[in-house]
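Chains as they are written, first to last, in our numbering: chain A, 1 to 534; chain B, 1001 to 1330.
A few of these clues could be false.
Said to hold, decoys possible - Short, incomplete list of chain A residues facing chain B, as computed with Cβ under 10 angstroms:
| id | residue |
| --- | --- |
| 1 | Asn68 |
| 2 | Met369 |
| 3 | Gly500 |
What the hints assert, rightly or not - Straight-line C-alpha distance at most 27 angstroms; calculated DSS-like pairs for lysine-lysine:
| id | chain 1 | residue 1 | chain 2 | residue 2 |
| --- | --- | --- | --- | --- |
| 4 | B | Lys1052 | A | Lys141 |
| 5 | A | Lys365 | A | Lys239 |
| 6 | B | Lys1079 | A | Lys365 |
| 7 | A | Lys78 | B | Lys1319 |
| 8 | A | Lys381 | B | Lys1076 |
| 9 | A | Lys365 | B | Lys1076 |
| 10 | B | Lys1272 | A | Lys75 |
| 11 | A | Lys381 | A | Lys365 |
| 12 | A | Lys239 | B | Lys1329 |
| 13 | B | Lys1108 | A | Lys7 |
| 14 | A | Lys381 | B | Lys1294 |
| 15 | A | Lys247 | B | Lys1329 |
| 16 | A | Lys239 | A | Lys520 |
| 17 | A | Lys386 | A | Lys520 |
| 18 | A | Lys154 | A | Lys141 |
| 19 | B | Lys1052 | A | Lys78 |
| 20 | B | Lys1112 | A | Lys7 |
| 21 | A | Lys316 | B | Lys1294 |
| 22 | A | Lys70 | B | Lys1052 |
| 23 | B | Lys1319 | A | Lys239 |
| 24 | B | Lys1108 | A | Lys247 |
| 25 | B | Lys1052 | A | Lys137 |
| 26 | B | Lys1076 | A | Lys386 |
| 27 | A | Lys381 | B | Lys1272 |
| 28 | B | Lys1319 | A | Lys247 |
| 29 | A | Lys316 | B | Lys1329 |
| 30 | B | Lys1321 | A | Lys316 |
| 31 | A | Lys141 | A | Lys75 |
| 32 | A | Lys321 | A | Lys384 |
| 33 | A | Lys316 | B | Lys1079 |
| 34 | A | Lys316 | A | Lys246 |
| 35 | B | Lys1329 | A | Lys321 |
| 36 | A | Lys247 | A | Lys321 |
| 37 | A | Lys384 | B | Lys1319 |
Don't read these hints as lab results, they were simulated from the structure. By construction, the Cβ of each residue, glycine as well, lies at the ideal position given by its N, Cα and C atoms.
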Amino acid sequence: MSESKLKPEELAEQVDYDISGENWLNPSVEFRRGVFNYSGTPQSVEYLQQPNPRKWQPTDPDWKLPENWKEIILKGLKDRLHRFRSLQLFMDICVRCGACADKCHFFLGSGDPKNMPVLRAELLRSVYRNDFTLAGKLFGKFSGSRELTIDVVKEWFYYFFQCTQCRRCSVFCPYGIDTAEITILVRELLNLIGINIDWIITPVANSFRTGNHLGIQPHGFKDSIEFAVDELESITGIKVDAPINKKGAEILFVAPSADYFGTPHYFTLLGYLALFHEIGLDYTWSTYASEGGNFGSFISHDLMKSLNAKIYAEAKRLGVKWILGGECGHMWRVLHQYMDTLNGPADFLEQPVSPITGTRFENTKSTKMVHICEFTSDLIKNDKLKLDKNRNNHWRVTFHDSCNPARAMGLIEEPRYIINNVCNNFFEMPDNTIKEQTFCCGSGAGLGTDENFEMRMRGGLPRANAVKFVKEEHNVNYLGCICAIDKATLPPLMDYWVGGVEVGGIHELVGNALLMKGEKERTTDLRGDSLSVS
Amino acid sequence: MNIIFSLITIIVLIIAAILGAGTAKLDYLFGVIFPYAGISIFIFGIVYRVIKWSRSPVPFHIPTVAGQQKSLPWIKSSKLESPHTSIGVVGRMLLEILLFRSLFRNTKGELKEGPRLVYGSSKYLWFGAILFHWSLLIIVLRHFRFFTEPVPYFVNVLQNFDGFLQVGVPGLFITDILIVAALLYLALRRITDSKLRYISLSSDFFPLFLLLGIAITGILMRYFFREDLLSIKELAIGLFTFHPLVPVGVGVLFYVHLFLVSVLLAYFPFSKLLHMPGIFLSPTRNLANNSRSKRHVNPWNYPVPVHTYAEYEDEFRDKMKAAELPLEKD
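Throw the hints in and build the complete structure from the sequences for me.
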């Protein structure tokens, strides 16, 4: 199942941006192997007390929706139009200029017209016009209105789980219309009648219960951290301290759970551990808040809030001064733009100050949470780290701006500053594919499943193609990124489209370059690979 | 289909004006009632819309940023693309509203052999949009010479500026040519580009054709079929000062022009033309990127179920104890 039947060149040949086809107002969707995600299991839906838990699959003719599903959706839409100015405005002001059309990675990789952001939004807007506007009521189909039917719902499911909420279209839109906002809210509507996918709802259930998406229980968490400590010792000869649930620590550190369970995330974890030891940071991990990521944000604002609440609650319980966050994309969308509003004010914390450099992080004075790249770049700028760039000489690095840090935070120069200080060979991908114009990995917002493999490869084409370009120009062999979903899903993407490019975090590179007091002579990098350049 | 529907609608409107004002002599209806109705619907409609938008709160602080954040003092932040102050936001909005900043970014993606994706710079849409909107603004302002006596200074300046070519009698206004060219381009791209053709609705063609109708009837009156300007000004000032009167000798072409303008005004608040007031309220553009330094309050923030630490420890206490993790309750 994880193998796409299509070879890369076959897939690319199918893609055509010249659009033909019948009127999009007639809903049509085909649930083909490889381009959709399986439904949420009833156990997870039930555990989270979400509506309509049942066994069903998108390929079933009958989705077993509640009898009054239409009423629920229209009522839900009305309610959200009143609660979200973004939604009300974005329904009213789009002029369909088409500037967004070829900015979406899913359109660029599929040529499917309904993957043009404008049309993705029109899938909802057509129903909005029909039921909420005078023009829709007067002119019907001529105004681009249509009735909400089961087929429209199926189409919503297909296309709104074919948007990774990367917000690239929003950068190009003359009014800033943000498809992510529309996707979030349509997914919320679908969830009201029990339509969601397992790769989102089950991690949410896990995170609610155990504190992290993978469902790792406290003792398992401790095991993995201790395992990493041992691993780091075998590489560096130094046994670092990694406190867990330690009351009175100065800083709570929160990272995405994949960092302590996934590869190549794991090497970034080793990097954090080495760094924190070397600077003598007084910090703690938490088993209760052992997840920075927030798959709740891929279903509804309520579930986002439920999961996010743990971070401040744990910071308060442990009595830390402020919070530091690891490398993750959507995690930082939530932390930067939502957390303070959802679960703040964090008046029990102090304004973050680096205990090593004394730098006050003015930009975090309300939320009190600092990004690890902000923290580390400040350390380097103040000359607090001894770094040997040559220990990354076996890597020729490029950097993939993860969507959310780039377009929600504007965290653009911090990671680049770090990279330039820890390695000798750094090459940027073409301008239209980085920074605020960065392309998604194609698997964000909960779509990184094996069953969705073909669509992921399609969506990842623009990113992969830019990597291929720097690989051919500069022999790049390391795709650096600061997102856990990237680290999980870019490796298969690279294998499919490019080949010969490894994926890894920025703090993996930091860990490689970091000269630690009392370390043994390093013969390998954090991956255990020989340091000699072949 | 969508094009034809829009085109027929415009033709019907024009015929209605010709028959109504020309044949049936319903001068008062077309000269006074329709314009007043149009402008009333325009004003009240927009006010209604803006109030409606404003009543929906902005629950979350969601600017889409397009540049470096303000973080550490030694990293240069992008004050206009990722503004962290209100002044920066005003700057960003001005760039957006006056110069269509985001549209200026536009690229065209093409998939070549290989596969190789290339993104060419594509400023045509930006250029067409800028030409149209600025021409329209100047033309609207120029029309103040009909509503006012004496004519304000800025109108004369604008008129001289617009007529700088000094060709023909009466002098050619460059915006008259530009607006027609821009509208034709904007309509043509919807027909020739397959993506645009696919997404375009009747309501995308209708305003373009309506504006073309207005521009062309205006041009015909100015350069080819001269209307009695004094009578028209009498009518315009009458409307403007709420002493409406219908002078004799106003031709049917003028009534067609005025009727189409009335239709445009009335159509405005029910259509995508709302992007004009709407852009000011767009939460991805009009908020500063200061999400972590200044708390944003959501007026409807309600409590949700949370798995508390106490519940968590209750569930996992034995395992935590065995793993020698610190506990709140033993």
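For each hint, the structure was consulted:
| no. | hint | verdict |
| --- | --- | --- |
| 1 | Asn68 | violated, 24 angstroms |
| 2 | Met369 | holds, 7 angstroms |
| 3 | Gly500 | violated, 17 angstroms |
| 4 | B:Lys1052 with A:Lys141 | holds, 25 angstroms |
| 5 | A:Lys365 with A:Lys239 | violated, 34 angstroms |
| 6 | B:Lys1079 with A:Lys365 | holds, 19 angstroms |
| 7 | A:Lys78 with B:Lys1319 | violated, 47 angstroms |
| 8 | A:Lys381 with B:Lys1076 | holds, 14 angstroms |
| 9 | A:Lys365 with B:Lys1076 | holds, 19 angstroms |
| 10 | B:Lys1272 with A:Lys75 | holds, 24 angstroms |
| 11 | A:Lys381 with A:Lys365 | holds, 21 angstroms |
| 12 | A:Lys239 with B:Lys1329 | violated, 30 angstroms |
| 13 | B:Lys1108 with A:Lys7 | holds, 26 angstroms |
| 14 | A:Lys381 with B:Lys1294 | holds, 26 angstroms |
| 15 | A:Lys247 with B:Lys1329 | holds, 14 angstroms |
| 16 | A:Lys239 with A:Lys520 | holds, 12 angstroms |
| 17 | A:Lys386 with A:Lys520 | holds, 15 angstroms |
| 18 | A:Lys154 with A:Lys141 | holds, 20 angstroms |
| 19 | B:Lys1052 with A:Lys78 | holds, 13 angstroms |
| 20 | B:Lys1112 with A:Lys7 | holds, 17 angstroms |
| 21 | A:Lys316 with B:Lys1294 | holds, 20 angstroms |
| 22 | A:Lys70 with B:Lys1052 | holds, 25 angstroms |
| 23 | B:Lys1319 with A:Lys239 | holds, 25 angstroms |
| 24 | B:Lys1108 with A:Lys247 | violated, 54 angstroms |
| 25 | B:Lys1052 with A:Lys137 | holds, 19 angstroms |
| 26 | B:Lys1076 with A:Lys386 | holds, 25 angstroms |
| 27 | A:Lys381 with B:Lys1272 | violated, 50 angstroms |
| 28 | B:Lys1319 with A:Lys247 | holds, 19 angstroms |
| 29 | A:Lys316 with B:Lys1329 | holds, 17 angstroms |
| 30 | B:Lys1321 with A:Lys316 | holds, 22 angstroms |
| 31 | A:Lys141 with A:Lys75 | holds, 22 angstroms |
| 32 | A:Lys321 with A:Lys384 | holds, 22 angstroms |
| 33 | A:Lys316 with B:Lys1079 | violated, 35 angstroms |
| 34 | A:Lys316 with A:Lys246 | holds, 12 angstroms |
| 35 | B:Lys1329 with A:Lys321 | holds, 23 angstroms |
| 36 | A:Lys247 with A:Lys321 | holds, 11 angstroms |
| 37 | A:Lys384 with B:Lys1319 | violated, 39 angstroms |
Checked against the numbered hints given earlier, the structure breaks hints 1, 3, 5, 7, 12, 24, 27, 33 and 37 and satisfies all the rest.
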